[in-house]
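Student: Sequence:
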Amino acid sequence: MDYYCYDIKAPDALKEIALAFLSELPFDSFEEAEDGLCAYLRMDQHSDWVESELSGIADRLSLSYERRLIPSRNWNKLWESNFSPIRVGDFCGVRADFHEPMERVEYEIVISPRMAFGTGHHATTYMMIERMAGEDFHALKVLDYGCGTGILAILADKMGAAHIDAVDIEKAAYENTLDNARANDCGHISAFHGT
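Under this note's numbering, the first residue of the sequence shown carries the number 13, and numbering increases by one thereafter.
These are calculated hints, taken from the structure and not from any lab test. The model shown is predicted, which means the values in this text are computed figures rather than measured ones. Heads up, the beta-carbon is just placed ideally off N, CA and C, and yes, glycines get one too. Check before you lean on any hint, since a few could be wrong.
To be verified - Distance ranges between label pairs, derived from CB positions: (1) 86 to 187: 38 to 48 Å; (2) 58 to 94: 40 to 50 Å; (3) 151 to 62: 28 to 38 Å; (4) 79 to 118: 20 to 30 Å; (5) 67 to 146: 25 to 35 Å.
To be verified - Mimicking DSBU-like on lysine-lysine, the simulated pairs with C-alpha atoms at most 30 Å apart in a straight line are: (6) 153 to 183; (7) 27 to 89; (8) 183 to 89; (9) 21 to 89; (10) 170 to 183; (11) 21 to 183; (12) 153 to 170; (13) 170 to 21.
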């Protein structure tokens, strides 16, 4: 399926605000770029309404954007070729199942992110993993709200949490969390789709 990519120029201070507005439109996914965001829209979702709404958001936030066509391709293969494992010191490593196991990490998480947020590459996820290194989760109840791929819930499970509720509004994220929890032999995670 062909896509449109909207290259949206936004300063760091406006990226999250822009993303909040753009999330109300039928974009399939977003990618953070050095100078803003890339928003991906299936061609069959394109309409005058989308263009009008996007133009209004750009005007409100003083942003500029350009639209370009992205021909159909094997997105999973492309993702696999570009996804690299992350390592948070000796504490935690996150990798896909097609990567070699990581050596000398206390906790290793294997994920298949598909369309869900949370590969560990985004600063907020990475910082949460760093912060979790200094905590004792043994026998605690944990909430991972906006769980994406379930990385933080999985890490809490591996660190001894008694029960973890992982919640995401996106159905793909909910399903991905279930799959990733199973792949990591997590027995204390309950995933929920909704708010």
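Student: Would the hint linking residue 170 and residue 21 be met if the CA-CA limit is 30 Å?
Tutor: Distance ~39 Å between residue 170 and residue 21 Cα, so the pair is violated.
Student: With a cut-off of 30 Å on the C-alpha distance, tell me whether residue 27 and residue 89 pass.
Tutor: holds, 28 Å
Student: Using the Cβ atoms, figure out if residue 67 sits within 25 to 35 Å of residue 146.
Tutor: violated, 46 Å
Student: With a cut-off of 30 Å on the C-alpha distance, tell me whether residue 21 and residue 183 pass.
Tutor: Holds, at roughly 29 Å.
Student: Decide if the proposed pair is consistent with the structure: residue 170 and residue 183, CA atoms, cutoff 30 Å inclusive.
Tutor: holds, 24 Å
Student: Assess, step by step, whether the Cα of residue 21 is no farther than 30 Å from the Cα of residue 89, and give holds or violated.
Tutor: Holds - the C-alpha atoms of residue 89 and residue 21 are around 27 Å apart, at most 30 Å.
Student: Quick check: does the Cβ-Cβ distance between residue 58 and residue 94 fall within 40 to 50 Å?
Tutor: Given a distance of about 25 Å, which is not inside 40 to 50 Å, the answer is violated.
Student: Decide if the proposed pair is consistent with the structure: residue 153 and residue 170, CA atoms, cutoff 30 Å inclusive.
Tutor: holds, 13 Å
Student: Is it true that the C-beta distance of residue 79 to residue 118 lies inside 20 to 30 Å, as the hint says?
Tutor: Because 45 Å falls outside the window, the suggested range is violated.
Student: Taking 28 to 38 Å as the stated bounds, is the beta-carbon spacing between residue 151 and residue 62 within them?
Tutor: Distance hint for residue 151, residue 62 is violated at roughly 48 Å.
Student: Residue 86 and residue 187, beta-carbon distance inside 38 to 48 Å?
Tutor: 20 Å Cβ-Cβ, so the 38 to 48 Å window is violated.
Student: Taking only the CA atoms, is the gap from residue 183 to residue 89 under or equal to 30 Å?
Tutor: Answer holds: residue 183 to residue 89 is near 22 Å, not above 30 Å.
Consistency with the previously given hints fails for numbers 1, 2, 3, 4, 5 and 13, ordered from lowest to highest.
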